[in-house]
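All chains should be modelled from the sequences, with the hints used to inform the complete structure.
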Amino acid sequence: MSTTTRESVTIPDCVPGTRTSSAAYIHAHSLLHPDILAHSLRVYIYARALLEVDISHIDELQPTASCNSQLFSDLTAKATDLDDLVFASAIFHDFGTCTEHDHAQRFEVCGADAAVSFLSSASPDIDLREIWTAIALHTSRGIAERMGPLTRCLRMGVKADFGDEAWRALLGEGVVERTEREFPRGKIEKVLGDAVAEQGVRVPVKAPRGSWPGDLLKAKLEEPEWEG
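Residue numbering for the sequence shown follows this note's numbering, beginning at 105 and increasing consecutively.
Treat the hints with care, as some may be off.
[Stated by the list, open to error] Using 30 Å as the maximum straight-line C-alpha spacing, the simulated DSSO-like pairs for lysine-lysine come out as follows:
{"hint": "1", "residue 1": "291", "residue 2": "322"}
{"hint": "2", "residue 1": "324", "residue 2": "291"}
{"hint": "3", "residue 1": "324", "residue 2": "294"}
{"hint": "4", "residue 1": "322", "residue 2": "294"}
[Stated by the list, open to error] Have a look at the derived ranges for each label pair, beta carbon to beta carbon:
{"hint": "5", "residue 1": "164", "residue 2": "112", "range": "41 to 47 Å"}
{"hint": "6", "residue 1": "307", "residue 2": "162", "range": "22 to 28 Å"}
{"hint": "7", "residue 1": "314", "residue 2": "279", "range": "22 to 28 Å"}
Derived from the structure by calculation, the hints contain no laboratory data. Being a predicted model, the structure only gives us computed values, none of them experimental. Backbone N, C-alpha and C fix where the C-beta goes; we use that ideal spot for every residue, glycine too.
Spelled out as structure tokens, the structure:
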């Protein structure tokens, strides 16, 4: 694994070599649980790869019969900017689990706000609206898949990391295995699930019924001794 070291933090080679992405990684390294940080890097690798695949044959990503046009255009950013967009969305998507960003709104929205707050000073030219939308909607099944390319690929990357075989199959042979060797899963399901559910216990409005946080809260209340 090739790495770069800045500010006493070792930056993995998969992180785009731009000032924006390097700063975002160092910031994430200082705040995220190690298992959530590793998860975010895996999501980036998968999301960036899935952004390039042909999705024309995947029914859930296509307009319904009553809508004959594609509402969202492809991302037109040049390749380096595109890397920064996808990386920022992935590395910040679970920032709402951090104590520093645990506010009285859903963790997805808190993470989106954290991204905008950091990036607005670190990279004022980056498309903050695209990033905010991708992060805020990343758990919204059936909606994120139909949004623009950045929101869609982040959602697909998250689903791939949590075992969705349909998306993993599109990544190509060996990609998941190599990525998990470089960035081990640890106890990500329990670490992330507990962080989100515990926020809902303290502030129920953060975990409304029918949402992914709501599902986690319900499971925690029904089985409080769950060990993952």
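Here is what the structure says about each hint:
1. For the hint linking residue 291 to residue 322, the alpha-carbon distance of about 20 Å falls within 30 Å, and the restraint holds.
2. The suggested pairing of residue 324 with residue 291 holds, with an alpha-carbon distance near 16 Å, which does not exceed 30 Å.
3. With a C-alpha separation of about 11 Å, the suggested pair residue 324 and residue 294 falls inside the 30 Å cut-off, and the hint holds.
4. A threshold of 30 Å between alpha carbons decides the hint, and for residue 322 with residue 294 the separation of about 15 Å falls inside it, so the pair holds.
5. For residue 164 and residue 112, the Cβ-Cβ distance of about 44 Å falls inside the hinted range of 41 to 47 Å, so the restraint holds.
6. Taken as a hint, the range 22 to 28 Å is violated for the pair residue 307 and residue 162, whose Cβ atoms sit roughly 36 Å apart.
7. Against the hinted window of 22 to 28 Å, the Cβ-Cβ separation of residue 314 and residue 279 comes to about 33 Å, which falls outside the hint.
Hint compliance for this structure: hints 6 and 7 are not met, and every other hint is.
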